[in-house]
Amino acid sequence: MTPHSDTEFDAHIRKLMAWHFGEDTGSPFWLGKKGRLGFDPLTDITGLADLARFPDVSEELRTVPAQRLIPRGLAGRPFRVYDSGGTTGAPKRIVDSGYRSTLLEWARERLIASGVPGDGNWLHLGPSGPHVIGFDVSRYAALGGGVFYTVDLDPRWVKHLLGAGRTDEADDYVQHLLDQAETILESQDIAVLNTTPPLLEAICARPKLHARIRDGVRAIIWAGTSISAESLRQLDEVFFPGQAVVGIYGNSLMGVAPQRPAAPGDPYPCVFEPYPVTTRLELVDDEGALVPYGERGRVRLHLVAEEMFLPNILERDSAVRLAPGPGSVVDGLADVQTYTALDGVRIIEGVY
Amino acid sequence: MGTPTPTPAPAPITVDPYICGRTTASADRTRLPSVLGGDLADIGNAPRLLALAALNEIRTHADGRAPATEIFTEAARLFATATLEGETPQEYVLRVSHATGLTAAAMDQAVRDLVAEIGELPETTAAELPGTRFGEGFGTRWVPRGRVFAAVMASNHPVPNVSWVQALFHGYSVLVKPGSRDPFTPRRLIAALLAAGLEPAKVAFLPCAHAVGDFLLREADRGIIYGGARAVAQWQDRESVAVRGPGRTKALLDQDLDDSVVDHLALSASFDGGTRCTNLSAVLTTRPVGEVADRLAERLGRLPSLPATEDEATLLVVDRARAEQIREQVAALRAQLTDHSVGFDSGDPVVELDDGSFLPRPVVLSADRADHPAVGTELPFPFVIVAPWTDADGVAPLRESLVLNVLTDREELVDEAVREPSVRKVTRGTVLPWTAVPGIPHDDNYTQFLLEPKGMVAQR
Chain A
15 MTPHSDTEFD AHIRKLMAWH FGEDTGSPFW LGKKGRLGFD PLTDITGLAD LARFPDVSEE
75 LRTVPAQRLI PRGLAGRPFR VYDSGGTTGA PKRIVDSGYR STLLEWARER LIASGVPGDG
135 NWLHLGPSGP HVIGFDVSRY AALGGGVFYT VDLDPRWVKH LLGAGRTDEA DDYVQHLLDQ
195 AETILESQDI AVLNTTPPLL EAICARPKLH ARIRDGVRAI IWAGTSISAE SLRQLDEVFF
255 PGQAVVGIYG NSLMGVAPQR PAAPGDPYPC VFEPYPVTTR LELVDDEGAL VPYGERGRVR
315 LHLVAEEMFL PNILERDSAV RLAPGPGSVV DGLADVQTYT ALDGVRIIEG VY
Chain B
859 MGTPTPTPAP APITVDPYIC GRTTASADRT RLPSVLGGDL ADIGNAPRLL ALAALNEIRT
919 HADGRAPATE IFTEAARLFA TATLEGETPQ EYVLRVSHAT GLTAAAMDQA VRDLVAEIGE
979 LPETTAAELP GTRFGEGFGT RWVPRGRVFA AVMASNHPVP NVSWVQALFH GYSVLVKPGS
1039 RDPFTPRRLI AALLAAGLEP AKVAFLPCAH AVGDFLLREA DRGIIYGGAR AVAQWQDRES
1099 VAVRGPGRTK ALLDQDLDDS VVDHLALSAS FDGGTRCTNL SAVLTTRPVG EVADRLAERL
1159 GRLPSLPATE DEATLLVVDR ARAEQIREQV AALRAQLTDH SVGFDSGDPV VELDDGSFLP
1219 RPVVLSADRA DHPAVGTELP FPFVIVAPWT DADGVAPLRE SLVLNVLTDR EELVDEAVRE
1279 PSVRKVTRGT VLPWTAVPGI PHDDNYTQFL LEPKGMVAQR
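Protein sequences, first through last, are from chains A and B.
According to the numbering used here, the first sequence holds residues 15 to 366 in order.
According to the numbering used here, the second sequence holds residues 859 to 1318 in order.
Note that these hints are calculated values from the structure, not bench results.
Any given hint might turn out to be false.
[Stated by the list, open to error] In silico DMTMM-like cross-links for lysine to aspartate or glutamate, where the CA-CA straight-line distance does not exceed 25 Å:
1. A:Lys222 - B:Glu1077
2. A:Lys173 - B:Glu1077
3. A:Lys222 - B:Glu915
4. A:Lys222 - B:Asp921
5. A:Lys222 - A:Asp193
6. A:Lys173 - B:Asp1267
7. A:Lys222 - B:Asp1072
8. A:Lys222 - B:Asp1079
Chain B with its partners taken away, still in its complex shape (with noise of 0.2 Å):
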């Protein structure tokens, strides 16, 4: 343990649309490249004809009912533990993690969340959905309320995936575009499903275009997109489209720093080196500022610059485009706010590391005010932007959050938060972001938004 050992890149591969139990390769070509540099996988793309043909085949075959159960158990099973289309579960790992720069402790932690969300799915039903026995006769049967499910992932973390695979549990036949970089778990989940006795015209799996994905999520009965502001916008308010966007997880900090707290707010921006959409970004406090700043600065400063691969890792990594990116983006909010992990840090907001790979420092600014606009950015590594509250700026600054984290003794302000229709989480002291149990919502019910009432009354 602790040895660094220089991991060999895996072999680049080689990925193509997969439809009802087929590969097709696509004539439309493009690379997938590694954190290290170089390729990682020859991707071949649908373009929309090739997407319209999948959606058509799916279609056809849709019926909308339920695989049995023990289908995902066994799937999750043999996505951990079993080779699947050549590919063992370490090959998988190391593949997404240069992919996407996750470490592999966390990606080890993903296959494991995977697996127990896949295996919760049934209780996570029972807990979203309302008793349906009404007397003697008189039934509800909770129904797909479609036959096509669309999934356009994105790529900074595999655990997503279990939405569409949920979807198909519950009975929709499934067309999923992976994240442009993580194209290896969905691929991994499908073999697994199908090798655990799924019926292959119940899935497709389609690398392509965000147009492609936009032109899916129109035709599908149900949707999901996941991703950035931008990518997310148009599908705001479609009732059939489930968005997962930008988290805007914030903390409401009215009470004083020790270190447990510290150590709380630094776990909550930089668990999964921040590429969690429940990563605490914004801190809005009643106390000191700079303080408050200056301590999560240096409890997060402390964390090592380490390739992804080794054992001790805890920041993403990712390759040379990302990171002049995230350079500029970096530069370009430290110019508007001030900067607090320069004290305590390196200086340069991402560091080259031996082995070809770029790591982004965490960051944490203040600005002076709650409203500032720039309260709310959200960056892919660790960032927190710490700004001042108090009664005078209400629920305001607090709205529009994944997660809201409260560390307050008023009950009127809890209460308040609770009621707020854009905080769609709370969470009360030192409690992790996206701690959880099956039928607690992540973002209202999406048991319900898959599945619909039907009235079912039987002649006694």
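Pulled out of the complex, with its shape left as it was, chain A reads as follows (with noise of 0.2 Å):
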């Protein structure tokens, strides 16, 4: 049985405590930290409340070698290494070798409850390369039967462009990008596009490839950057309205959170939920508690998997914190943006 509530959920952090601080199960990145965190992991962690105890590692996801990251107990397995987009500076890598396509089975049950259909073809354009996204789409299209398309973007381009003044220049990618989803939409049949914000907002600019992708697509997704709730509503209602227009919140880190099946009388059109075997998404306030529901927090991740562990993460972004929807056990996010202080770092959402 999966672990769903927090009762399980605590059992299940409890079980994976002794899989990554085991001396033949762990990762050598956490072997290596288990004697210098102040706290015996094996018995001082007995559930969710414990695991803001852990320091946050993800600046060390920069750096890392990746081997270090993956369990002993999982040495014979192929992993691959992904990197996140480096919005907020280097890249951080992650490892999968299954984890990851376990998620996308319970994601794409979420979408298609959302009313993205269950076969059809995909088109992704978004980036693939280092980039995880790339191969969560593919993923989705194979699982329903699908062929993937996908149009290359290179997000880190963008953002070099974007950081540097230099729109026009980002402006003339952006081109370029819908100028290769224009030729696959006018000759192969595409069910559902997966894009970003920002894409869209071009392709809408584009009358012909508007046309074609409001009349020709069954489903939308959006994801990667985040989107305000009025140009939301253009979407739904403007621009696509006869198509399912749905999000996915999501990172390299944490894995992906799609939008929860709408309930009535939502105050936000649209809440994502994590995957509530292996994430916790909280929202918290300067001090780290929780905020109360329909106040804004920052995102701490935890993520607690066979393959990786990843405990106590302050993210970039900020939400509204919402109950669970009925049927589930994890509070909902509305209304995401990005963080704005991060360290004086200068966050450069880019077109991905």
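Two chains, each in its own frame: build the complex with the hints.
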């Protein structure tokens, strides 16, 4: 049985403490920290509330050799390395063998519940390469028996251009991406488009491409950057009124948190939920305490999976905390925005 | 008259995008602060997609036909006198005064100027276009250079809103991004135009972020942008965009100072609280710099610190946050130049008033050379840098001026100033920089920016 409730999640945590800090099973990365934590993860960490005792190791993921992240207990399996987008500096790395696929099976069910077709071909207008999103979308397509089309996008180049004030070149690059998407859309049957809010804005500004997607694609998934409430309404009601417009919150470290099916009376049109089996997203104030429901807090991630253990990570985002939806045990996140003051680093969202 | 009656703050209102006659309540909200503290309005902002939807809708209906002239004269009358969208003229004036810090007197003058300039549009047009009859059968029609016009406004003063009204007058369909502190003027002007009979499909009002304003300027056929040096920089060389950046209005003082000249320079710097791009910000002089700066500082130092609503008030007020910015800016400039105001004023560049607003005091500084990098600095209140000028400096320090006021007997110098491309207008003697009649260019020929000549040859 999979852990869902906090009690079950606490049991899951205790089980994985033994795994990640067991000499034969843990990763060199975590085993190397064990003696310097100031507590014993095997006996002192008994549940969710204790995860905040761990140091935030996300900065180290920029430099640690990725091999040291692989748990010894999984040594025989093939692993891949994925990079984050590098929005706040050098990219952070994660390793994945099979976990991501399990997560995506769950995520796909959530997407279908929000109106995304279970079959058909997918076009991913977004990053591939070292970025895990490219793998994610190809997986959704494969799970539904569809073909996966992609336009390669280098988000770091866009951020570089924007950071240098070369906005005209960034615009040219966006048009270059749209040209490629148009070529695919003109000859191939696409059921689902996965892209980012800035690229959707650029698509809407190209009448022919917009019409092709509005008339030929069944669902649009946006992810990767924040979007304002009014922009979302414009997408939903004005530009793509006949399509499902569905959001996914996520990044390389936490995985994906798709939009939960809309409930009557939801104060926000789009509310995200993480994978309850392995992930908790807490919205916290400056002191690290949970904010009340309805209030905005900074996102704090706990990922407790067999392949990766990432506790107590402060993300670059803020969101409004909402009570769990019907049948769920995890809080919802609404109106995700980039957290502004991040140690003086200028955050450039770019087109991804 | 003169009895200080406390003016109640206008009740906060909701301002939303207004597209082709419909108000579109936006889900993206921001608050507009009052200079007295608290909020004046709850603003619905247009994100890029809403601006794009507005642009698409406007473009569909744009036909380049000029509305009837009477619509504009009637709209000007309604703007000044009618209750529009539930707002009386008095409430409008108070609202803009509380949002921008312009005095009540400046606002009354602004309304009169707006009415006058809109009424003069036919005259201005005639004065800015050459004759079009070339004998029987031959003629020139002046037609809009495009269909859709975007206006990115600032909040320093209401009168520049005439620029997009003029585009409408010539047949453009117009999208207006209001200044962030003054959405009220374009909102009221649009209400007046619609009440006077303007086709609703001709106009959209879109409070929005700078980036969305940039998007509108890129997409429109023609446009105008008002703003600081950074806001306008990327549009400087774009043929389709008229740029109204910092004015850097200067005076060349090459005669002895008497009281009338000091009064003239002080008024040039302080009229409308120093918010106009035509307010004087630099004096270059052949006379002793310290003496000129002292006399100007003394004269400006006499202006009283009064709440904007009082009849005698002439200086701009700002809110607490802007007051802090101004303190920092002035401190940085004082550190590199000689301060003359300190001897004639309170010493604190910003005075806190009883009503909760903050009043930046006039500042006069002097530099030791004409090419000092600070010369040309513009701040949104009476702020003047005095610097020495000699024949050897030549015309270089006079460049990049919206208006150059020359007080000299040297004809050659006047001629050279007029021929200098980066000097946009020359006034001679004690003439205030914004003095004009219809047809006198403010910065190039705006009518010809909007219209192009098209040959029409008909068979006789």
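message = Would the hint linking lysine 222 of chain A and aspartate 193 of chain A be met if the CA-CA limit is 25 Å?
response = holds (11 Å)
ask   = Hey, lysine 173 of chain A versus glutamate 1077 of chain B, does the alpha-carbon distance stay inside 25 Å?
value = holds (23 Å)
message = Next pair to validate is lysine 173 of chain A with aspartate 1267 of chain B; report whether the Cα-Cα distance is within 25 Å.
response = violated (57 Å)
ask   = Holds or violated: lysine 222 of chain A with aspartate 921 of chain B, Cα cutoff 25 Å?
value = holds (22 Å)
inquiry  = Would the hint linking lysine 222 of chain A and glutamate 1077 of chain B be met if the CA-CA limit is 25 Å?
reply    = holds (16 Å)
ask   = Regarding the pair lysine 222 of chain A and aspartate 1072 of chain B, is the alpha-carbon distance no greater than 25 Å?
value = This hinted pair holds, its Cα atoms lying about 23 Å apart.
inquiry  = Need the status of pair lysine 222 of chain A, aspartate 1079 of chain B: alpha-carbon distance at most 25 Å?
reply    = Holds. Lysine 222 of chain A to aspartate 1079 of chain B sits at ~20 Å (cutoff 25 Å).
task = For the pair supplied as a hint, lysine 222 of chain A and glutamate 915 of chain B, confirm whether the alpha-carbon distance does not exceed 25 Å.
result = holds (16 Å)
Checked against the numbered hints given earlier, the structure breaks only hint 6 and satisfies all the rest.
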